[in-house]
Each structure stands twice: as structure tokens, then as C-alpha cells.
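Heads up: the protein sequence lines correspond to chains A and B, in order.
Under my numbering, think of the first position of the first sequence as 1, with each following residue one higher.
Under my numbering, think of the first position of the second sequence as 1, with each following residue one higher.
Calculated directly from the structure, the hints in this document are not laboratory data.
Hints are not guaranteed to be accurate.
Unchecked claim - From the structure, some residues in chain B lie toward chain A, with a derived Cβ separation under 10 Å:
1. Lys-2
2. Gly-32
3. Leu-33
4. Ser-42
5. Gly-189
6. Thr-199
7. Phe-238
8. Ser-317
As the structure is a prediction and not an experimental result, all values here were calculated from the model.
Even glycine gets a Cβ: it sits at the ideal position worked out from N, Cα and C.
Each chain, written out:
Protein chains: 2
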Amino acid sequence: MKIHNFSAGPSILPQEVITKAAEAVLNLNNSGLSLIEISHRSKDFIAIMEEAQNLVKELLNLPDGYSVLFLQGGASMQFLAVALNLLKDDGKAAYLDTGSWSSKASKEAELFGKVEVIASSKDKNHNYIPKGYKIPADASYVHLTSNNTIFGTQIKEFPKTDIPVVCDMSSDIFSRELDFSKFDIVYAGAQKNMGPAGTVMVIVKDNVLGKSGRTIPSMLDYQIHASKDSMFNTPPVFAIYTAMLTLQWIKDLGGVAVVEKQNEAKAALLYNEIDSNPNFIGVVNKEDRSLMNATFVLADESKKETFDALAKEAGLSGINGHRSVGGYRASIYNAMPIKSVQALVDVMKKLN
Amino acid sequence: MKIHNFSAGPSILPQEVITKAAEAVLNLNNSGLSLIEISHRSKDFIAIMEEAQNLVKELLNLPDGYSVLFLQGGASMQFLAVALNLLKDDGKAAYLDTGSWSSKASKEAELFGKVEVIASSKDKNHNYIPKGYKIPADASYVHLTSNNTIFGTQIKEFPKTDIPVVCDMSSDIFSRELDFSKFDIVYAGAQKNMGPAGTVMVIVKDNVLGKSGRTIPSMLDYQIHASKDSMFNTPPVFAIYTAMLTLQWIKDLGGVAVVEKQNEAKAALLYNEIDSNPNFIGVVNKEDRSLMNATFVLADESKKETFDALAKEAGLSGINGHRSVGGYRASIYNAMPIKSVQALVDVMKKLN
Numbered sequence: 001m002k003i004h005n006f007s008a009g010p011s012i013l014p015q016e017v018i019t020k021a022a023e024a025v026l027n028l029n030n031s032g033l034s035l036i037e038i039s040h041r042s043k044d045f046i047a048i049m050e051e052a053q054n055l056v057k058e059l060l061n062l063p064d065g066y067s068v069l070f071l072q073g074g075a076s077m078q079f080l081a082v083a084l085n086l087l088k089d090d091g092k093a094a095y096l097d098t099g100s101w102s103s104k105a106s107k108e109a110e111l112f113g114k115v116e117v118i119a120s121s122k123d124k125n126h127n128y129i130p131k132g133y134k135i136p137a138d139a140s141y142v143h144l145t146s147n148n149t150i151f152g153t154q155i156k157e158f159p160k161t162d163i164p165v166v167c168d169m170s171s172d173i174f175s176r177e178l179d180f181s182k183f184d185i186v187y188a189g190a191q192k193n194m195g196p197a198g199t200v201m202v203i204v205k206d207n208v209l210g211k212s213g214r215t216i217p218s219m220l221d222y223q224i225h226a227s228k229d230s231m232f233n234t235p236p237v238f239a240i241y242t243a244m245l246t247l248q249w250i251k252d253l254g255g256v257a258v259v260e261k262q263n264e265a266k267a268a269l270l271y272n273e274i275d276s277n278p279n280f281i282g283v284v285n286k287e288d289r290s291l292m293n294a295t296f297v298l299a300d301e302s303k304k305e306t307f308d309a310l311a312k313e314a315g316l317s318g319i320n321g322h323r324s325v326g327g328y329r330a331s332i333y334n335a336m337p338i339k340s341v342q343a344l345v346d347v348m349k350k351l352n
Numbered sequence: 001m002k003i004h005n006f007s008a009g010p011s012i013l014p015q016e017v018i019t020k021a022a023e024a025v026l027n028l029n030n031s032g033l034s035l036i037e038i039s040h041r042s043k044d045f046i047a048i049m050e051e052a053q054n055l056v057k058e059l060l061n062l063p064d065g066y067s068v069l070f071l072q073g074g075a076s077m078q079f080l081a082v083a084l085n086l087l088k089d090d091g092k093a094a095y096l097d098t099g100s101w102s103s104k105a106s107k108e109a110e111l112f113g114k115v116e117v118i119a120s121s122k123d124k125n126h127n128y129i130p131k132g133y134k135i136p137a138d139a140s141y142v143h144l145t146s147n148n149t150i151f152g153t154q155i156k157e158f159p160k161t162d163i164p165v166v167c168d169m170s171s172d173i174f175s176r177e178l179d180f181s182k183f184d185i186v187y188a189g190a191q192k193n194m195g196p197a198g199t200v201m202v203i204v205k206d207n208v209l210g211k212s213g214r215t216i217p218s219m220l221d222y223q224i225h226a227s228k229d230s231m232f233n234t235p236p237v238f239a240i241y242t243a244m245l246t247l248q249w250i251k252d253l254g255g256v257a258v259v260e261k262q263n264e265a266k267a268a269l270l271y272n273e274i275d276s277n278p279n280f281i282g283v284v285n286k287e288d289r290s291l292m293n294a295t296f297v298l299a300d301e302s303k304k305e306t307f308d309a310l311a312k313e314a315g316l317s318g319i320n321g322h323r324s325v326g327g328y329r330a331s332i333y334n335a336m337p338i339k340s341v342q343a344l345v346d347v348m349k350k351l352n
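Pulled out of the complex, with its shape left as it was, chain A reads as follows (with noise of 0.2 Å):
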């Protein structure tokens, strides 16, 4: 049977990057070694570091200026990085809480100096974005999250700001076109848009770092990574390599721009099922909400029983929302096909 991953993450990736990647654990560019063999210091790998480097920059049409970093320890290890890397001694930083993730971020800038939350959607359960919000003009940066994972809710304009903007895109990352000059960090985790589990992408513009006034750690400090070409110390191969062919294929696709109408239609179809099927409610803000993932309830709880099983039945994986939600939650990533959306939508209208 057909599997239709709508896992959160890690999850779905294109199959013809599965495939590569499986070819190249057996034999790299037809070396006779295992991609997971061979040193990161040889040829080949160098030359996958530099290539993934450069889809990023062209893919995201990043301005010279900024340093592209493939870094291990996720986003949650960014949360303490950001802050040793950009926290003053004596300064602040903001942040804005839009759930989970980002409150977990600030609690770790916590111990390394004050934090101002500058506005929180936890009043709703994270179900909206907050607006209208003032960014203090002395903070170290600020810092966002674009697409809350857990809740479903994905910022859609960015907050104009003289101070430094840090941004925790992990989960939508590639999916839609942005200004990433407004950007001077963007960290983003790659196992949701842009490959397995081990990586952890890191753009940083590199004139905001240095001027902390801290020691930080090597491991750590964005400037030694820049330095080293994010071979500092042994890097995640397989990770790397694998993000590297996502990020081929997107740029096969015709880039982000084609990349981002298909996550509109994506959306639209599914969104669509959500407000005109009597059985569904949306969780969230509608202006808020998130292309990549999809949060509902059923109107009635007694048909959940139903609806699991038909999901069943259907291939539909991974379509349970988070604890803390509840309901459901369809993770729409770009490697998901319209047609596994229809799947679900299909799924939605058989229910009576």
C-alpha cells in the first residue's frame, strides 16, 4: 500500500533523493567507498560541502555577506548558540513567543542574560501571531520563529527593526520566498524541508558576530565554523549529502518560487476541506495559518474512531496532532505530493 507520510518531522523527502542517497551509502560517485567511509577531508566530501553551501546561497538568493553553515545539535542547540554568539554581557534580548519552540529558545538565552518577551500567543494556546508588538531599539537582536510546528500558525509578514533578527525557521525553510537580507541569522534544522535528521542549517550574516564581549565555547562560536567551513571539527557526511540532494532537487524544480505555489495549492486544497466539511474545525487563525502544517479538531470527538480507521485505510500516516493541540495535524512539507493531500482531503469527505 501507498504511504502518505504527513510525519512533522523528520518526514517526507522526495524519493528520488532517498533513492540517490541510498545509492551513495553503497558507492559514491562510483569511488568503490561508501559516502560513509570516507574522510571529510577528501575530495568528494569537500566538494559536497561546497555544493550544498552554494545551493543554499542561490536557492535563497542571499547577498554576499553571509556565512552558510552545516552544524550538528539542531535548532535546540542554536538556542544557546544564538545567544552566546550575539547576547552583550550586560544587554537583552527579545523575543517574540509563539509557542513551544520559541519559548524554549528564550529559556535558554536566559542564562546568559536578560530576556524581554515582547509579546505571546500563549493566551490562546499559540492558536494566532502576535502583531502590533514593539521591538526594543537596545536589544541585543531579536529573535522569531516563523513556523510553529506544534500549533500551526507561520508569520507571514517580519518585523521591520534596526537591531539584529534572528530566525528559527526549521519548519519552513524553502518553502516560500523571503527577503533573507532583512535576515543576520537563520538557523533551521533539516529534517522537515530539507533532509534527515543530523544537520542543522546556519546562515549567518557575518559582521553581527564578535561583538558579544563572551568567551564562547569552540564548538559553539559561529565565527570558528565560518573560519573552518563548517569543518571545525568531522561533519555530519550522510546528513549533509542528503540535504545537498534535496536541495538539487529543489533547484530542478525551478527553484523556491515553484516550490512555494505548490505549497499555496497544497494548503488551499486541504484548508479548503477544513472550512467547508461540517465535520472539521480549523484551529487556528485563518490569517495565520501555516502551509506546511495543518491543524483540526472533529466537531464531534465521538467520530474519531471513524476517521482514524479510514485514515487507516487510506495510507495516512502520521496525521495525529501534538499532545499539547490535540486533534490532527497534516504536515505538508514541499517533498509531500498534492496528490497525498487529495488523499487526506478524499479521507475528510468520506467521513459522515
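Starting from the known structure of chain A, fit chain B onto it as the hints suggest.
Below, chain B without anything else, positioned relative to chain A:
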């Protein structure tokens, strides 16, 4: 042509591990989904994590009271995590300096407190293991590096002490039987004897944790990772799965004792040639020679071109020495078959 892979790391893995890893990337356990697109909270992956942890406990004969973690950031991230978790706020840490990696480890610890280097082999470019040193009884812990990949030395006898013993075993874990109840923290990057780059194993005696008196960032706090079974954040799924396959391979061979015998035979074959062939000189004190990384130089540098050509012709890959030592380094980890060591010895014999 058959390639003999002497890479120092990432390095050779058993062929059946490579084959099975590639299969799982295509289709895990016949689930219809790839290993790299399933949730780390899925039944399938939880079983993989448990199996990997249980195999570690079994193969190393770990007593009760130890946790086995699979984290990210490599051994280099543990350089700081160890200090944060164990070094008391007003305390000091003792480090044995046996080469680059141990001095990198102590450098990170210095950010958090006082470090005493109890002995060093720096005077002879680390070609021996210091002995007869004193370990201060008031140190929070003593840190050792069991095998020095770059220089080719290996600790054969570990010091007896009442303070916690921390050991970086990145390049010889699972290569020999040791009494692990004598260690309090052992860490090892996977990419030599355990799997692909992208995960680091940490074995920690639970009762040494929580005593440093420090506020530890979540991602560097071993207690947090232990309490969440290495799932505090998304783990590096592929690297852990492939490590599990390698551990199964060791178990199927008959365990660490059998692997140790094989390693002794391979090392004897190579070192005998180094000692009996007038064209080559071993770099390291005989009693401190590593069973994992054999370093040697040419007696007559003018023969380099000839030797390199012979090696290339025979398919020997990755035998160049590290730049800080020069000459040659043959890394003969667990997965290296003796016939590849024989291929190297044959080439050495061919040199006139």
C-alpha cells in the same frame, strides 16, 4: 579495483553494515517508508534506539547505574559538556596531555575553571604515553584520551584513582576489552569503530552527575539527555541506526573479545613489517603503540614517490600521515579485514 580503506575517520565500516544501512534508507523494515523520513517518536525508531543502547551495555559489559546516550556534536562537543557537567564551580580538573585531541579538550575546560595538566608527551611530539604521573585527589575529575589517532599511541594501562575518570575513546571504543566500571564518563565519536559521522556515544555513571553546582544549558546537560533517553530533541536517526548495525555485527562476530584478537593479529602483522623492513621506521615507542592507528616513516625520504605509486597501484587509500606527524598512518579499525593489512604489508615488501 578493490580499495583498501585506511582512512583515519570517517573510516571503513563492515560491508554488511553499509548494505543494510542503504536498504533501510530505501525501505525500513518493509514499512514502505525510508529510515530517514519517519518520526523519531515512532515505534520503529524507539526500538532502534533501545537496541543500540542495549547492545552497548551488553558488548561493554556495563554494570547497572550507567546511562548510554547518543548525542550530536562529536567528541568536540563533549570537551565542553564534560567540564560543565563535572567541574565544580571552584574546583579544578586534571588532564593528561597525549596529543591534539586531549589538548583541545583541556582548552575547552579552561573556559569553566582551573585545569591542571598532570603530564604531557609534548616534548617528543606525543610519540609516547606519559606514566608515573600523580592525579590530584582534589580534582573534580581526570580526563584521558585512550587512543591518539594522529600520533598512533594508545593507553594500555589506565591509572587507578578515587576521583571520577573521564575518557575520550573515540578511536578505540569496542576494539578491546576493558573494565568499564572503572570509568565514570566515556565518550566516543561514532566515525571510527562505531558508525558514520553524525553521532557521539556518551556512557555516563549516573551518580557522578548533578554535582557541579552549575547551571548547564539543556543541550549540554547529560542528566537531561539521560532522562529523555537521548530524545530531548530530534536525534540523528541515520547515524544511530547505522551504529546499531555495527554493534550487531560485533555481537555476531562473538563480541569485543573476538574483535580484540583480530585487532591484535592485524597490528602484529603490520608492526612486524615496520620493525623488520629497513625501509620503514615506526614513529611511536613500542610499548605505547596503538592497535588502531599505526604511524611510520620512510628511512629514506627519496623513496616516497616510489612507495606512493606502489600503494596507489595496490588500491591503498588514506595512508598519508597527519600533517603534524608526516610519513604514513594506517588506520586499521575493527572493520578492516586482515587481507587489507596484508595488502599494505605486500606493498611495503615490494619497496626496494
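Hint check: is the beta carbon of Leu-33 (chain B) less than 10 Å from a beta carbon of chain A? With a closest approach of 6 Å, the Leu-33 (chain B) hint holds.
Are Gly-189 (chain B) and chain A close enough, Cβ to Cβ, to be under 10 Å, as the hint says? Holds: closest Cβ of chain A sits about 7 Å from Gly-189 (chain B), inside 10 Å.
Is the interface hint for Thr-199 (chain B) satisfied, with its Cβ closer than 10 Å to some Cβ of chain A? Nearest chain A Cβ about 8 Å off; hint holds.
Just to be careful: measuring from the Cβ of Lys-2 (chain B) to every Cβ in chain A, is the smallest value less than 10 Å? Since chain A brings a Cβ to about 8 Å from Lys-2 (chain B), closer than 10 Å, the hint holds.
Holds or violated: Gly-32 (chain B) as interface residue toward chain A, Cβ cutoff 10 Å? This interface hint holds because 5 Å falls under the 10 Å limit.
Restraint: Phe-238 (chain B) near chain A, CB-CB cut 10 Å. Satisfied or not? holds (5 Å)
Taking the closest Cβ pair, is Ser-42 (chain B) under 10 Å from chain A? Where the cut-off is 10 Å and the nearest Cβ of chain A is about 8 Å from Ser-42 (chain B), the hint holds.
Does Ser-317 (chain B) meet its interface restraint, that is, does its C-beta lie within less than 10 Å of any C-beta in chain A? The hint holds - Ser-317 (chain B) has a Cβ within 10 Å of chain A, the shortest such distance being about 7 Å.
The structure is consistent with each of the numbered hints, conforming to all of them.
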